[in-house]
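Asks: Sequence lines, in order, name chains A and B. Each step along the first sequence adds one to the number in this note's numbering, with nothing skipped, and position 50 is 50. Each step along the second sequence adds one to the number in this note's numbering, with nothing skipped, and position 40 is 152.
One or more of the hints may lead you astray.
[As the list claims (entries may be wrong)] Within a straight-line C-alpha distance of at most 25 Å, the following computed BS3-like cross-link-like pairs (lysine-lysine) qualify:
#1 218(B) with 9(A)
#2 221(B) with 161(B)
#3 161(B) with 218(B)
#4 161(B) with 181(B)
#5 9(A) with 221(B)
#6 180(B) with 221(B)
Calculated directly from the structure, the hints in this document are not laboratory data. This structure is a prediction, so every number in the text was calculated from the model and none was measured.
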Amino acid sequence: NAGVTQTPKFQVLKTGQSMTLQCAQDMNHEYMSWYRQDPGMGLRLIHYSVGAGITDQGEVPNGYNVSRSTTEDFPLRLLSAAPSQTSVYFCASSYGRGRVAFFGQGTRLTVV
Amino acid sequence: AQSVTQLGSHVSVSEGALVLLRCNYSSSVPPYLFWYVQYPNQGLQLLLKYTTGATLVKGINGFEAEFKKSETSFHLTKPSAHMSDAAEYFCAVKGEGGSEKLVFGKGTKLTVNP
Numbered sequence: 001n002a003g004v005t006q007t008p009k010f011q012v013l014k015t016g017q018s019m020t021l022q023c024a025q026d027m028n029h030e031y032m033s034w035y036r037q038d039p040g041m042g043l044r045l046i047h048y049s050v051g052a053g054i055t056d057q058g059e060v061p062n063g064y065n066v067s068r069s070t071t072e073d074f075p076l077r078l079l080s081a082a083p084s085q086t087s088v089y090f091c092a093s094s095y096g097r098g099r100v101a102f103f104g105q106g107t108r109l110t111v112v
Numbered sequence: 113a114q115s116v117t118q119l120g121s122h123v124s125v126s127e128g129a130l131v132l133l134r135c136n137y138s139s140s141v142p143p144y145l146f147w148y149v150q151y152p153n154q155g156l157q158l159l160l161k162y163t164t165g166a167t168l169v170k171g172i173n174g175f176e177a178e179f180k181k182s183e184t185s186f187h188l189t190k191p192s193a194h195m196s197d198a199a200e201y202f203c204a205v206k207g208e209g210g211s212e213k214l215v216f217g218k219g220t221k222l223t224v225n226p
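Bound-form chain A, shown alone (with noise of 0.2 Å):
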């Protein structure tokens, strides 16, 4: 059961490339999400989805899309990246209402 897994793990972009981050889960979860997490932040949500069809914004959306095609998988798209974007990404998924969210292990992203 490989639960959450995000590839690449690690990834170096110059300033305007695009990209995108994978996450894929085997657990048959209908809600998965992607957070950002920057040194003294915390993580935050930058968008999330409570089904195959189905996304929606979090609190940081600017400079990403999402898409959500299968239950299976849920795409993170850097469209033009720039420094600011440099952080490590994990992507969460959960069954539903009060239950529990499982992380991938992250991707660590350097824009330079």
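Starting from the known structure of chain A, fit chain B onto it as the hints suggest.
Replies: Below, chain B alone, put in the same frame as chain A:
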């Protein structure tokens, strides 16, 4: 909107001493509360959770937390610190408006001294 305040961004204790990490929350509805631990260069791992029922919740690795509604607190404790407890700890809340969105505190980094 829900929020979480963790008092103390850094806490240092001696091995064998009591660990107390403070968390206060704000919520307009009965909250679901969580403590997660993050070891260096790792993801987040659930320590314990409070949803309903017993207000004293026991988690993994000897940690426990008590939900105190009157104080809007959910402090994390462990009677005797171990070197392996050194990590960053995050308190989180969710449930407002039926939402699954987790709102995190800014984290507390625990150092355990020999």
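Asks: Hint by hint, note whether the structure agrees.
Replies: Evaluated hints:
no. : hint               : verdict
1   : 218(B) with 9(A)   : holds, 23 Å
2   : 221(B) with 161(B) : holds, 19 Å
3   : 161(B) with 218(B) : holds, 18 Å
4   : 161(B) with 181(B) : holds, 15 Å
5   : 9(A) with 221(B)   : holds, 23 Å
6   : 180(B) with 221(B) : holds, 23 Å
In the structure shown, no violation is registered for any of the earlier numbered hints.
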